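Taken in order, these protein sequences are the chains called D, Z, W, U, R and X.
Going by the numbering used here, the letters in the first sequence line up with residues 193 to 353, in that order.
Going by the numbering used here, the letters in the second sequence line up with residues 193 to 353, in that order.
Going by the numbering used here, the letters in the third sequence line up with residues 193 to 353, in that order.
Going by the numbering used here, the letters in the fourth sequence line up with residues 193 to 353, in that order.
Going by the numbering used here, the letters in the fifth sequence line up with residues 193 to 353, in that order.
Going by the numbering used here, the letters in the sixth sequence line up with residues 193 to 353, in that order.
The hints are simulated quantities; they were obtained by calculation from the structure and are not laboratory data.
Any given hint could turn out to be false.
Identical copies look the same in the list; a pair holds intra-copy or inter-copy alike.
[Claimed, not checked] Subject to a maximum C-alpha distance of 27 Å in a straight line, what follows is the list of computed DSS-like cross-link-like pairs (lysine-lysine):
#1 K237 to K321
#2 K214 to K346
#3 K213 to K243
#4 K321 to K214
#5 K343 to K213
#6 K243 to K325
#7 K346 to K237
#8 K214 to K237
#9 K343 to K322
#10 K322 to K237
#11 K213 to K237
#12 K335 to K346
No experiment lies behind these values; they were computed from the predicted model shown.
There are 6 protein chains.
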Amino acid sequence: MQDELSLVTYSMARMVDITHKKDLVRIATARGKIHLRRETIQLIKEGRVEKGDVVTITKIVAIDAVKRTSELLPFCHPIGITHVDADVRLFDDYVEVEVTVKGLAKTGVEMEALTGVSLALLNVWDMVKKYEKDETGNYPWTKISDIVVVKKVKLDESQMP
Amino acid sequence: MQDELSLVTYSMARMVDITHKKDLVRIATARGKIHLRRETIQLIKEGRVEKGDVVTITKIVAIDAVKRTSELLPFCHPIGITHVDADVRLFDDYVEVEVTVKGLAKTGVEMEALTGVSLALLNVWDMVKKYEKDETGNYPWTKISDIVVVKKVKLDESQMP
Amino acid sequence: MQDELSLVTYSMARMVDITHKKDLVRIATARGKIHLRRETIQLIKEGRVEKGDVVTITKIVAIDAVKRTSELLPFCHPIGITHVDADVRLFDDYVEVEVTVKGLAKTGVEMEALTGVSLALLNVWDMVKKYEKDETGNYPWTKISDIVVVKKVKLDESQMP
Amino acid sequence: MQDELSLVTYSMARMVDITHKKDLVRIATARGKIHLRRETIQLIKEGRVEKGDVVTITKIVAIDAVKRTSELLPFCHPIGITHVDADVRLFDDYVEVEVTVKGLAKTGVEMEALTGVSLALLNVWDMVKKYEKDETGNYPWTKISDIVVVKKVKLDESQMP
Amino acid sequence: MQDELSLVTYSMARMVDITHKKDLVRIATARGKIHLRRETIQLIKEGRVEKGDVVTITKIVAIDAVKRTSELLPFCHPIGITHVDADVRLFDDYVEVEVTVKGLAKTGVEMEALTGVSLALLNVWDMVKKYEKDETGNYPWTKISDIVVVKKVKLDESQMP
Amino acid sequence: MQDELSLVTYSMARMVDITHKKDLVRIATARGKIHLRRETIQLIKEGRVEKGDVVTITKIVAIDAVKRTSELLPFCHPIGITHVDADVRLFDDYVEVEVTVKGLAKTGVEMEALTGVSLALLNVWDMVKKYEKDETGNYPWTKISDIVVVKKVKLDESQMP
Numbered sequence: 193m194q195d196e197l198s199l200v201t202y203s204m205a206r207m208v209d210i211t212h213k214k215d216l217v218r219i220a221t222a223r224g225k226i227h228l229r230r231e232t233i234q235l236i237k238e239g240r241v242e243k244g245d246v247v248t249i250t251k252i253v254a255i256d257a258v259k260r261t262s263e264l265l266p267f268c269h270p271i272g273i274t275h276v277d278a279d280v281r282l283f284d285d286y287v288e289v290e291v292t293v294k295g296l297a298k299t300g301v302e303m304e305a306l307t308g309v310s311l312a313l314l315n316v317w318d319m320v321k322k323y324e325k326d327e328t329g330n331y332p333w334t335k336i337s338d339i340v341v342v343k344k345v346k347l348d349e350s351q352m353p
Numbered sequence: 193m194q195d196e197l198s199l200v201t202y203s204m205a206r207m208v209d210i211t212h213k214k215d216l217v218r219i220a221t222a223r224g225k226i227h228l229r230r231e232t233i234q235l236i237k238e239g240r241v242e243k244g245d246v247v248t249i250t251k252i253v254a255i256d257a258v259k260r261t262s263e264l265l266p267f268c269h270p271i272g273i274t275h276v277d278a279d280v281r282l283f284d285d286y287v288e289v290e291v292t293v294k295g296l297a298k299t300g301v302e303m304e305a306l307t308g309v310s311l312a313l314l315n316v317w318d319m320v321k322k323y324e325k326d327e328t329g330n331y332p333w334t335k336i337s338d339i340v341v342v343k344k345v346k347l348d349e350s351q352m353p
Numbered sequence: 193m194q195d196e197l198s199l200v201t202y203s204m205a206r207m208v209d210i211t212h213k214k215d216l217v218r219i220a221t222a223r224g225k226i227h228l229r230r231e232t233i234q235l236i237k238e239g240r241v242e243k244g245d246v247v248t249i250t251k252i253v254a255i256d257a258v259k260r261t262s263e264l265l266p267f268c269h270p271i272g273i274t275h276v277d278a279d280v281r282l283f284d285d286y287v288e289v290e291v292t293v294k295g296l297a298k299t300g301v302e303m304e305a306l307t308g309v310s311l312a313l314l315n316v317w318d319m320v321k322k323y324e325k326d327e328t329g330n331y332p333w334t335k336i337s338d339i340v341v342v343k344k345v346k347l348d349e350s351q352m353p
Numbered sequence: 193m194q195d196e197l198s199l200v201t202y203s204m205a206r207m208v209d210i211t212h213k214k215d216l217v218r219i220a221t222a223r224g225k226i227h228l229r230r231e232t233i234q235l236i237k238e239g240r241v242e243k244g245d246v247v248t249i250t251k252i253v254a255i256d257a258v259k260r261t262s263e264l265l266p267f268c269h270p271i272g273i274t275h276v277d278a279d280v281r282l283f284d285d286y287v288e289v290e291v292t293v294k295g296l297a298k299t300g301v302e303m304e305a306l307t308g309v310s311l312a313l314l315n316v317w318d319m320v321k322k323y324e325k326d327e328t329g330n331y332p333w334t335k336i337s338d339i340v341v342v343k344k345v346k347l348d349e350s351q352m353p
Numbered sequence: 193m194q195d196e197l198s199l200v201t202y203s204m205a206r207m208v209d210i211t212h213k214k215d216l217v218r219i220a221t222a223r224g225k226i227h228l229r230r231e232t233i234q235l236i237k238e239g240r241v242e243k244g245d246v247v248t249i250t251k252i253v254a255i256d257a258v259k260r261t262s263e264l265l266p267f268c269h270p271i272g273i274t275h276v277d278a279d280v281r282l283f284d285d286y287v288e289v290e291v292t293v294k295g296l297a298k299t300g301v302e303m304e305a306l307t308g309v310s311l312a313l314l315n316v317w318d319m320v321k322k323y324e325k326d327e328t329g330n331y332p333w334t335k336i337s338d339i340v341v342v343k344k345v346k347l348d349e350s351q352m353p
Numbered sequence: 193m194q195d196e197l198s199l200v201t202y203s204m205a206r207m208v209d210i211t212h213k214k215d216l217v218r219i220a221t222a223r224g225k226i227h228l229r230r231e232t233i234q235l236i237k238e239g240r241v242e243k244g245d246v247v248t249i250t251k252i253v254a255i256d257a258v259k260r261t262s263e264l265l266p267f268c269h270p271i272g273i274t275h276v277d278a279d280v281r282l283f284d285d286y287v288e289v290e291v292t293v294k295g296l297a298k299t300g301v302e303m304e305a306l307t308g309v310s311l312a313l314l315n316v317w318d319m320v321k322k323y324e325k326d327e328t329g330n331y332p333w334t335k336i337s338d339i340v341v342v343k344k345v346k347l348d349e350s351q352m353p
């Protein structure tokens, strides 16, 4: 039995217990970038990407991803998301996505915001694959980077709805 | 930057912020029909549809669909559904499905009821495909129609549990 | 045991066995309508619906729904979808959605096309709720109808890729 | 119409209405076993199972399964899970899994704990298939058994957070 | 770097590579039991379980679970399921579920059959909770057991469709 | 009608038609980093992260994410994944994740590999949140970056299984 116990101790996989934490308004904003070729950005700006309207569709992907966070990340609790706001901004050689999530929850919503940003950036990549590939089907320039939490707050009880 | 901003403004995709709305008991009933051949309805009534018991299975599909609404519709918030009731009624040349959803929520549950009705009607179609197809594999008579919200209410706070 | 057997017989729930059917190119087109107030259609046309670009987002909902059909309908087999095309057409007092699905599959893809149309129409409803509600929060005019399979074909083996 | 009504009555499929039940802290513990060959258990203990670390991965499967219970079982309500704890214990000829679930909910969480245990045991099987199969690819010794609810409690309101 | 490498080696988590295995018809049958009170079985037989028709609904749960196996178990590959058959048999003090799965696949479908059986048995439990609980809300008699693979075969190439 | 048509044209959202492309063995490798505090990396190396074994669990998250890519990204086709391999490497101040995906498919699997990497990196973040937060609950150092496709190939027909 000793072996058994030590193995159990080692192989922990523990969801934090939030049962006794208060439901508070939690807000988190995350942001990230995808570096693309200038010509590709131009196609997005001109609405000429064959798969469709990159900006609108990327926002939808972000919202859907935020809602599925607790299915994708084992230690994330299911959370009552009350708002998602996604911005997609086009610069000369990169696209920036910023996602803000609000929830009335016992734990912060930064993983939800980060998941929204990450899937949104992946969707941008997926929609412009054709314009980013070289002749071998590889992507010498495309890169997702700088995914960070910009801001995370919780309102105190006096600010509760 | 001007172009960028105007594009962002155009390509809005905005989930309504319900953070500060009250949790109230919300109830919604939706209803719809699927038109089938009289012979098909007869088979359902006699329990002779090969795939199985259309009425029971359709109710299960409705319940499952109601619970997955926020995964299927981007702007639907995840909601704590507390009750689903599905009725499947057989008439001479159509089947009617009515779904009532209750939840303790910050927003109405009519999309949940409508999603339950829609998937339920699709399941009826799927279960009787064989009897509705013509010799080319097409469906000259089958039609889903009249999907409406029958009633939507919210209980005021004095009626809260 | 007799009771048991008869009950088993009655309570059938049977997925069709497609193991020995050929993989063929299957194509199905489904179509449906949502009746809206003329003012609401006008808002969609002018890009002034607060939740965002109804046409683009509805297409995305259709594509996502097509891919999830076998999760939503118990008797649908998982199918290798190879193409989805969704059209959203604005008329004076209704919106029409048409979805075409292609797959290399052992069974038809009409349920996939119908599921795409149904969820697409529900998304239109969800995005324009605000403009369709009366003062009691009900929907006296809004109605989904005429969901049909427009065309279903399978290519014979000589037409296979 | 009489036939219709009696059929409707028969074919009930009813989710319990929990709208007016109180949100209380609910805790449930479930447990089960999978019988394996002694040699297989030895491989797990020595960390030599080719697919990876059985104990850790099984815990993750349990947590994921708990969170998906209401998608898998039609009559389970979506519940705000606040904690999952999974233990995987290695004995001479079986592996025991115990899962404890907490939630702030209107209904008990025993189905969530049982679903966690069941999928965890299936994952153990899946990870050691290779060592349990006989030469025909069958499993003469492998068996899942004794899945029970060990304990189920709800805290009364004075113990609420 | 040495530490890093040894840790990587230890922490393996490896999906088997089936790229170069042949697509063959794979068939697997799994079976299991849930022990219930005799009075509960009687209620099922008489169609008096309040939540609905246990036998039919359990079959649907089995079919749905089979199709979702690769989402629930990390090392299961997505498989083109072509048939699921679920039997639910009522005995004096237990219910037996048997699930047969067929697929045209590069790997066996026994985990799919076992997942179908497991979720089916959980659904039986969930539907009869009310009749199995003692006064403390616990389950002194209810138990799931004897989940085994009854038979697993693959057809050789000459038997292929 | 002219307005209608021009709007449809503008609001395209088009899944590429891969019906007539060949099923070939497709392989893609993606890679990315998460920058963490040195102290956090040390805790991972020593197996002292409270939530559990970061390396093993991150691999499981990667595998699960790869299999769900077509649910998360609208334009990704469902693909028969035949292999996933995930490496998690610990450096002094960052963790690197590399995911290789194989499939027998009509289209490349780079989005699957990228989705695996992205969710894996998010899981690392989620598991070490506690050690990365400053006193305000924010993350001044944590950053995901350099997510790229390392290599993408397809085997030609002569190399097919």
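ask   = Looking at the structure, which of the earlier hints fail to hold?
value = Per hint list: 7, 8 and 11 violated.
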